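Per the numbering used here, numbering of the sequence shown is gapless, rising by one per residue and ending at 315.
Hints listed in this document are in silico derivations from the structure and should not be mistaken for laboratory results. Any given hint could turn out to be false.
As the list claims (entries may be wrong) - Pairs of lysine-lysine residues, derived as DSS-like cross-links and limited to a Cα-Cα distance of at most 27 Å, are as follows:
| hint | residue 1 | residue 2 |
| --- | --- | --- |
| 1 | Lys-291 | Lys-103 |
| 2 | Lys-230 | Lys-17 |
| 3 | Lys-17 | Lys-187 |
| 4 | Lys-187 | Lys-266 |
| 5 | Lys-290 | Lys-230 |
| 6 | Lys-170 | Lys-187 |
| 7 | Lys-103 | Lys-292 |
| 8 | Lys-195 | Lys-266 |
| 9 | Lys-103 | Lys-231 |
| 10 | Lys-231 | Lys-290 |
| 11 | Lys-230 | Lys-291 |
| 12 | Lys-290 | Lys-266 |
| 13 | Lys-170 | Lys-17 |
| 14 | Lys-187 | Lys-34 |
| 15 | Lys-17 | Lys-231 |
| 16 | Lys-195 | Lys-32 |
| 17 | Lys-230 | Lys-103 |
| 18 | Lys-231 | Lys-170 |
| 19 | Lys-17 | Lys-32 |
| 20 | Lys-291 | Lys-17 |
| 21 | Lys-230 | Lys-187 |
| 22 | Lys-34 | Lys-170 |
These numbers were taken from a predicted model, which means no experiment stands behind them.
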Amino acid sequence: MVVQFLLLLAGFGILIKGADWLVDGSSALARKNKVSDLAIGLTIVAFGTSMPELVVNVFAAYQGTSEIVFGNIIGSNLFNLFVILGIAGLITPLAVQSSTVWKEIPLSFLAVLMLFLFSNGFFSGNEILSRIDGAVLLLFFGFFLYYVFTQLKAENKHSAERPKELTNLKIWIYIILGLGLLVMGGKLVVSASVKIALDLHISQALIGLTIVAAGTSLPELATSVVAAIKKNNDIAVGNIIGSNIFNIFLVLGVSAFIRPVHYDVKFNYELYLLGFGTILLFIAMFAGKKKKLDRWEAGILLLIYLVYTIYLIRS
Numbered sequence: 001m002v003v004q005f006l007l008l009l010a011g012f013g014i015l016i017k018g019a020d021w022l023v024d025g026s027s028a029l030a031r032k033n034k035v036s037d038l039a040i041g042l043t044i045v046a047f048g049t050s051m052p053e054l055v056v057n058v059f060a061a062y063q064g065t066s067e068i069v070f071g072n073i074i075g076s077n078l079f080n081l082f083v084i085l086g087i088a089g090l091i092t093p094l095a096v097q098s099s100t101v102w103k104e105i106p107l108s109f110l111a112v113l114m115l116f117l118f119s120n121g122f123f124s125g126n127e128i129l130s131r132i133d134g135a136v137l138l139l140f141f142g143f144f145l146y147y148v149f150t151q152l153k154a155e156n157k158h159s160a161e162r163p164k165e166l167t168n169l170k171i172w173i174y175i176i177l178g179l180g181l182l183v184m185g186g187k188l189v190v191s192a193s194v195k196i197a198l199d200l201h202i203s204q205a206l207i208g209l210t211i212v213a214a215g216t217s218l219p220e221l222a223t224s225v226v227a228a229i230k231k232n233n234d235i236a237v238g239n240i241i242g243s244n245i246f247n248i249f250l251v252l253g254v255s256a257f258i259r260p261v262h263y264d265v266k267f268n269y270e271l272y273l274l275g276f277g278t279i280l281l282f283i284a285m286f287a288g289k290k291k292k293l294d295r296w297e298a299g300i301l302l303l304i305y306l307v308y309t310i311y312l313i314r315s
């Protein structure tokens with residue numbers, strides 16, 4: 001048991017380092033090709049922080065462990081929304097752009113709604129996320145990327161401080177090693193999680209919703225907390241909303257495309273909570289100071305997650 005937990009921790013560490021190196025290498029390669037800092041931030045960095053979820057889900061889907069596939073993504077999105085935004089909002093009140101309020105938050109709610117409808121078989125009659133469903137989710141991910149790039153054209157922000165330039169050799173070493181570590185870490189996390197669930201006689205769903213979800217959300221936690229400390233509110237909020245959209249449209253889309261994933265309706269409670277939390281965040285933008293998540297609202301998000309965690313443990 002202790003060995004499995006150590007392997008799980010090692011897997012998380014390897015995943016995060018792999019994502020870090022992949023982002024560094026990809027960002028340096030993009031800059032050499034004169035891609036803007038803003039484009040890199042909204043695409044490569046957002047993709048990099050979602051890579052742990054993606055790699056874990058690819059292996060889980062391939063192995064047919066559907067409870068980890070859904071538990072990881074739904075749990076990660078809950079952790080992102082309630083815990084990470086809650087912590088970031090306690091550090092500093094988070095003012096957000098109008099586009100986040102009127103476009104990105106509603107889009108993240110649409111992603112939850114689509115996942116609920118597809119998984120519960122409203123169109124197919126089967127409680128399964130099929131390859132066709134996965135293809136539709138990936139199509140919406142394509143629309144989201146198109147939206148991001150149209151937003152870039154309207155932005156006139158100054159670039160952030162530029163990291164050190166890397167040689168072509170170092171760039172490709174970072175990219176290749178980063179991908180290799182992601183694969184290795186993903187395998188470790190999935191295999192250790194399944195064994196822990198068996199040893200403790202608990203469901204893989206519970207492991208996926210808690211330990212795996214929190215572990216794969218560590219890059220988002222680090223990014224948003226640092227952004228909040230630096231008063232960079234757009235990154236703190238945008239990273240979370242963007243990651244939640246990435247997780248459903250891209251990660252679950254890829255997972256279902258690899259292998260149709262059977263859905264357990266017990267996850268509906270988590271989807272209700274995720275939908276409620278997204279609506280709550282939208283309402284919070286108009287309560288108190290407009291387009292701002294105040295500290296008391298961030299505290300409510302954390303309190304909701306605490307109650308949910310107690311419910312999970314007791315049920």
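Where does the structure disagree with the numbered hints, that is, which hint numbers, in rising order? As far as the earlier hints go, 12, 14, 16, 18, 20 and 21 are violated by this structure, in ascending order.
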